[in-house]
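Whenever a hint applies, use it, and build me the whole structure from the sequences.
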Amino acid sequence: MASHLQQALDELRMHLEARGYSIDSVTPPAAPIPTLLLNLAASGNDGGLWLELCFLEALEQQLGTADLMQCFLPLLTNVSPSQQTPLCRSIARFNVKLPVGGFGLQAETGLFFFKHNLLVPRHRSEEHTS
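Each residue of the sequence shown is one higher than the one before, starting from 68 at the first, in this note's numbering.
No lab work stands behind these hints, which were simulated from the structure alone. A couple of the hints might just be wrong.
Derived CB-CB ranges, DEER-like [claimed, not checked]:
#	residue 1	residue 2	range
1	Phe139	His82	17 to 23 angstroms
2	Leu185	Ala159	19 to 25 angstroms
3	Val167	His71	20 to 26 angstroms
4	Val163	Leu130	24 to 30 angstroms
5	Leu185	Val163	16 to 22 angstroms
6	Ser70	Ser149	44 to 50 angstroms
7	Glu124	Ser149	35 to 41 angstroms
8	Leu83	Gln151	30 to 36 angstroms
9	Leu116	Val167	15 to 21 angstroms
10	Gly87	Val163	33 to 39 angstroms
11	Gly87	Cys138	18 to 24 angstroms
Owing to the predicted nature of the structure, the values given are computational and were not obtained by experimental measurement. We put the CB at the ideal spot given by N, CA and C, even for glycine.
Written out as structure tokens, the structure is:
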């Protein structure tokens, strides 16, 4: 991972922790790229939903002065094969109306998720200090 992306992930972690969020992280080889895990559970509860935040390097050269952050939220695991077709129909209806992001289903694993990618300007630290 490019050093500026790791620095941005570290800054995001500090920002979220300073605001009281429960944060964990995974790094290779446990994950393909360094990823922050933001616990969305109600205060004092274990478990709940974990929002995965990571920077994607694939388009780094084409984006120029921005980085691509992926926000990935697993919603339901092990959707049975018999329920996947009706769920896919519902996903298509939802996604048509969403301005950004989208729901999806990984058929092989039965994972139902929401994913949103956003452009984050580079030189974030410099902008906040001037």
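Hint check:
A hinted range of 17 to 23 angstroms holds for the C-beta pair Phe139 and His82, which are about 19 angstroms apart. A C-beta distance of roughly 23 angstroms is found between Leu185 and Ala159, which places it inside the suggested range of 19 to 25 angstroms. For Val167 and His71, the hinted distance range of 20 to 26 angstroms is satisfied, since their beta carbons lie about 24 angstroms from each other. Between Val163 and Leu130 the CB atoms are about 27 angstroms apart, so this pair conforms to the stated range of 24 to 30 angstroms.
Taking the beta carbon of each, Leu185 and Val163 are about 20 angstroms apart, inside 16 to 22 angstroms as hinted. The hinted range of 44 to 50 angstroms is satisfied by Ser70 and Ser149, whose Cβ atoms lie roughly 47 angstroms apart. Roughly 38 angstroms separates the CB atoms of Glu124 and Ser149, a value that falls within the hinted 35 to 41 angstroms. Separation of Leu83 from Gln151 is about 34 angstroms and conforms to the stated range, judged on CB atoms against 30 to 36 angstroms.
Taken as a hint, the range 15 to 21 angstroms holds for the pair Leu116 and Val167, whose Cβ atoms sit roughly 19 angstroms apart. Gly87 and Val163 have their C-beta atoms about 36 angstroms apart, which keeps the hinted 33 to 39 angstroms range intact. Separation of Gly87 from Cys138 is about 19 angstroms and conforms to the stated range, judged on CB atoms against 18 to 24 angstroms.
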